[in-house]
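Participant: The residues making up each chain are set out below.
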Amino acid sequence: MPFTADSIAAQQVQECLKSLYRLVHDIEKKRQQSENGINTINKFNSQDERSSFMQTDIKSVYKTAMLQAEQEEELLRKALQKISDIRNIKNERRIQARNAGNKETIRRGAWMKMLLSSAQTLPLFVSKIGEKPPPLCGAVPAEPNYFAKVGDMVAALVKVAEGDGDNWILAEVVSYNHALNKYEVDDILEEQNQKKRHVLSKKYVVPLPLMRANPETDPTALFPERTVVMALYPQTTCFYKAVVNKLPQTHTDEYELLFEDFSYTNGYSPPLYVAQRYVLAIKQKTRLP
Amino acid sequence: MYNYKKSYNSSKNGASSYYSNKSKDTKLSTTRFRPDETYPMDNENRTPFFPVVKQSDNTQCLPRYSAILNRSLEDGVGMEDLDQLQQDLEKLLSTCAVRSRLLKSEVESIDKIEERRKTKKGKPYEKPQPLKRKRPDEKVRYKDVKNGSRIIKSRHTLPKNSFVNDLPIENELPKMTLPKNDTSDKFWLSVEVFCADVAKDDVVFLDDLIRECSQDVDIPIPEIGQHYSIEWSEDVLGQERGIGNIQRTAKSKPTFSSELKKNGLNAMVDTFSSPLTQRLLAALIEENVVTGNPTVTDKLKPSDFCLTKTTNGPRNDTCMDRRLRKELVEQGILDVEDLPKSIPPDDDILVEIKKCMQELKTVNEKNVSELTKLRKVIAKDLRRQEVKEALEKVDNEAMDVYNKMLLAKQKQNPQLDPFGKLSCKQSLGVEYEEEANKLIQQQVRLHKELTELTNATMLF
Numbered sequence: 001m002p003f004t005a006d007s008i009a010a011q012q013v014q015e016c017l018k019s020l021y022r023l024v025h026d027i028e029k030k031r032q033q034s035e036n037g038i039n040t041i042n043k044f045n046s047q048d049e050r051s052s053f054m055q056t057d058i059k060s061v062y063k064t065a066m067l068q069a070e071q072e073e074e075l076l077r078k079a080l081q082k083i084s085d086i087r088n089i090k091n092e093r094r095i096q097a098r099n100a101g102n103k104e105t106i107r108r109g110a111w112m113k114m115l116l117s118s119a120q121t122l123p124l125f126v127s128k129i130g131e132k133p134p135p136l137c138g139a140v141p142a143e144p145n146y147f148a149k150v151g152d153m154v155a156a157l158v159k160v161a162e163g164d165g166d167n168w169i170l171a172e173v174v175s176y177n178h179a180l181n182k183y184e185v186d187d188i189l190e191e192q193n194q195k196k197r198h199v200l201s202k203k204y205v206v207p208l209p210l211m212r213a214n215p216e217t218d219p220t221a222l223f224p225e226r227t228v229v230m231a232l233y234p235q236t237t238c239f240y241k242a243v244v245n246k247l248p249q250t251h252t253d254e255y256e257l258l259f260e261d262f263s264y265t266n267g268y269s270p271p272l273y274v275a276q277r278y279v280l281a282i283k284q285k286t287r288l289p
Numbered sequence: 290m291y292n293y294k295k296s297y298n299s300s301k302n303g304a305s306s307y308y309s310n311k312s313k314d315t316k317l318s319t320t321r322f323r324p325d326e327t328y329p330m331d332n333e334n335r336t337p338f339f340p341v342v343k344q345s346d347n348t349q350c351l352p353r354y355s356a357i358l359n360r361s362l363e364d365g366v367g368m369e370d371l372d373q374l375q376q377d378l379e380k381l382l383s384t385c386a387v388r389s390r391l392l393k394s395e396v397e398s399i400d401k402i403e404e405r406r407k408t409k410k411g412k413p414y415e416k417p418q419p420l421k422r423k424r425p426d427e428k429v430r431y432k433d434v435k436n437g438s439r440i441i442k443s444r445h446t447l448p449k450n451s452f453v454n455d456l457p458i459e460n461e462l463p464k465m466t467l468p469k470n471d472t473s474d475k476f477w478l479s480v481e482v483f484c485a486d487v488a489k490d491d492v493v494f495l496d497d498l499i500r501e502c503s504q505d506v507d508i509p510i511p512e513i514g515q516h517y518s519i520e521w522s523e524d525v526l527g528q529e530r531g532i533g534n535i536q537r538t539a540k541s542k543p544t545f546s547s548e549l550k551k552n553g554l555n556a557m558v559d560t561f562s563s564p565l566t567q568r569l570l571a572a573l574i575e576e577n578v579v580t581g582n583p584t585v586t587d588k589l590k591p592s593d594f595c596l597t598k599t600t601n602g603p604r605n606d607t608c609m610d611r612r613l614r615k616e617l618v619e620q621g622i623l624d625v626e627d628l629p630k631s632i633p634p635d636d637d638i639l640v641e642i643k644k645c646m647q648e649l650k651t652v653n654e655k656n657v658s659e660l661t662k663l664r665k666v667i668a669k670d671l672r673r674q675e676v677k678e679a680l681e682k683v684d685n686e687a688m689d690v691y692n693k694m695l696l697a698k699q700k701q702n703p704q705l706d707p708f709g710k711l712s713c714k715q716s717l718g719v720e721y722e723e724e725a726n727k728l729i730q731q732q733v734r735l736h737k738e739l740t741e742l743t744n745a746t747m748l749f
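Going down the list, the protein sequences come from chains A and B.
Counted the way this note's numbering counts, the first sequence spans residues 1 to 289.
Counted the way this note's numbering counts, the second sequence spans residues 290 to 749.
No lab work stands behind these hints: they were computed from the structure.
Treat the hints with care, as some may be off.
Derived lysine-lysine pairs resembling BS3-like cross-links, with alpha carbons at most 25 Å apart [as the list claims (entries may be wrong)]:
| # | chain 1 | residue 1 | chain 2 | residue 2 |
| --- | --- | --- | --- | --- |
| 1 | B | K407 | A | K63 |
| 2 | B | K727 | B | K682 |
| 3 | A | K63 | B | K343 |
| 4 | B | K727 | A | K43 |
This one's a predicted model, so the numbers in the text were calculated from it and none came from an experiment.
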């Protein structure tokens with residue numbers, strides 16, 4: 001077997017998958033311990049009199065359970081890291097293949113599916129105790145000097161060809177010019193790129209979140225209700241103005257949004273669901289140069 | 290065609306049908322809170338509920354995870370498993386994270402109860418203080434988790450984007466009335482004394498100190514008075530007589546004389562440190578008076594020797610010495626003139642006094658030198674303060690001039706934004722420019738001086 005970049009990558013992926021298998025088994029063992037710990041606590045608490053002299057005992061039981069939870073958490077984080085490692089390897093291969101000139105031909109329907117699944121599989125940020133959500137996690141914006149990496153998905157404000165004003169489209173970063181502060185981006189829809197690539201100033205490009213925020217542990221990294229946001233309209237590849245109606249409640253949930261839509265009598269669409277990845281802070285209305 | 294929205298309008302129904310599945314999803318994800326029903330907590334609301342995905346629920350809650358668990362190593366994990374497995378693991382992680390937070394807050398509240406119990410005796414009841422490293426509203430949130438209906442934040446009545454302009458607004462937390470924490474104030478107040486600027490009063494105080502310390506420490510040593518042992522000797526004599534009367538000697542005498550014989554008389558002589566007594570005793574022994582004339586020994590021994598032997602202090606020696614001297618003078622063996630005028634020159638106390646005085650002098654000298662050094666530094670520091678004040682003044686003036694220049698420029702071309710470049714400098718008026726230059730030069734000079742002075746004072 002020749003040592004091509006592909007074969008090396010494939011090998012790495014295989015390694016990751018193997019260690020993932022082992023990790024799953026380790027996790028199961030830890031979960032056994034954790035569950036026992038919680039059972040002990042519940043037994044303790046269901047006893048009628050929780051007299052004061054038992055406080056110290058309860059405390060030690062709690063502390064044990066805490067330790068078990070921490071250990072379990074650590075293993076889970078490791079396993080999830082492996083999964084994201086695999087995804088990163090795959091993505092790198094994809095970018096390299098594209099650079100080599102291998103055009104991917106993906107139909108629009110397939111793209112939609114991919115967008116959906118990539119939003120669902122975006123790494124989940126679960127903060128450790130006292131940890132703050134990092135930039136580009138959920139609603140937390142990027143740092144001012146941040147620039148999106150090659151292959152990252154962004155929202156880009158581009159001029160629409162047929163005089164329909166300008167639109168925020170979903171795009172992928174092809175390159176970033178540090179000297180000019182300009183991005184070169186590809187429309188996510190293949191057929192639109194046949195004309196030319198878009199070269200845009202940094203302020204017309206908004207990077208999509210790199211992580212999902214966990215509503216159960218990091219609700220501060222979500223847009224609050226009634227926030228006006230910019231979100232990908234379901235089944236399209238364009239971002240439109242919307243109001244947050246309901247927040248996601250669990251890590252798999254999506255935002256419930258009301259899109260601004262004047263074809264409806266009240267000016268808003270019925271509630272639609274959009275994944276965290278495609279809900280962005282609204283940019284101040286800016287003119288195209 | 291860029292009008293995706295329109296072109297996909299037809300599929301909107303499809304979209305909504307997809308999203309209508311959502312309700313099922315949420316149901317599935319809420320199954321993790323099933324244990325709540327399994328462990329009914331009827332101990333009022335006190336008992337917290339710790340979320341855990343039970344292993345018996347594996348197949349139901351974590352389908353892919355449990356499928357992988359049941360696989361052999363050869364089958365392992367495939368690429369097609371990743372998406373679902375990730376979701377399962379995330380569910381576990383989230384549950385786990387919530388659990389450890391709850392446990393932590395529970396442990397902390399136990400700690401607090403314990404602490405309160407400890408301090409209860411002194412104070413009747415203190416307002417619970419917010420837990421360290423924990424946002425006060427966090428617990429409330431988790432309580433909501435327990436109740437099932439999770440209110441994540443207070444509703445904003447106005448549409449408000451807290452992340453507008455890429456800057457998260459921090460006022461999202463509901464306002465709480467926190468007990469006033471003035472610990473930091475107290476701390477700074479206590480430190481203030483050491484950090485405050487040196488004032489004129491301090492200089493005066495220092496000067497006083499230096500003057501006081503520069504004076505000579507000549508404390509006159511008083512003439513030596515009557516030795517205490519003279520007074521004491523009378524007492525001791527009385528005491529001795531008393532002892533003798535009780536006839537304690539009857540018993541102690543034979544043992545004592547036998548002891549004397551055993552140890553040898555020379556040893557006995559050595560027990561008397563006072564030279565005169567030693568001499569007398571030695572003389573008596575030499576002439577065999579002690580052995581030959583029991584009356585002498587009897588007269589001297591019983592009480593005196595006993596005392597000497599037991600206490601063996603210099604006090605007794607001196608007493609003995611004095612008595613001997615007194616008797617010798619009385620019997621005409623010695624003249625009053627022959628006696629040494631006062632206490633012998635090797636007076637320990639006098640030596641000690643002199644030593645102390647010497648020490649005091651040395652310390653005093655050192656103090657004075659340190660104080661003068663300090664005084665110099667303070668003089669420099671006062672100067673530094675002056676320079677600092679002057680610099681501040683110049684700074685303010687510079688700001689004024691800057692503002693004036695800005696205003697002037699805005700008047701000239703009002704459409705230019707206020708933070709634009711100073712492009713039309715020449716039209717701004719020479720007087721401003723001159724003033725600004727002067728001020729800047731002054732600033733530089735003062736700053737230089739300040740830095741030098743600061744370095745000088747900090748080196749102390």
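Participant: Taking the hints in turn, state whether each one holds.
Facilitator: Results of checking the hints against the structure:
{"no.": "1", "hint": "K407/B / K63/A", "result": "holds, 21 Å"}
{"no.": "2", "hint": "K727/B / K682/B", "result": "holds, 14 Å"}
{"no.": "3", "hint": "K63/A / K343/B", "result": "holds, 20 Å"}
{"no.": "4", "hint": "K727/B / K43/A", "result": "violated, 81 Å"}
Violated hint: 4 only; the structure is consistent with all others.
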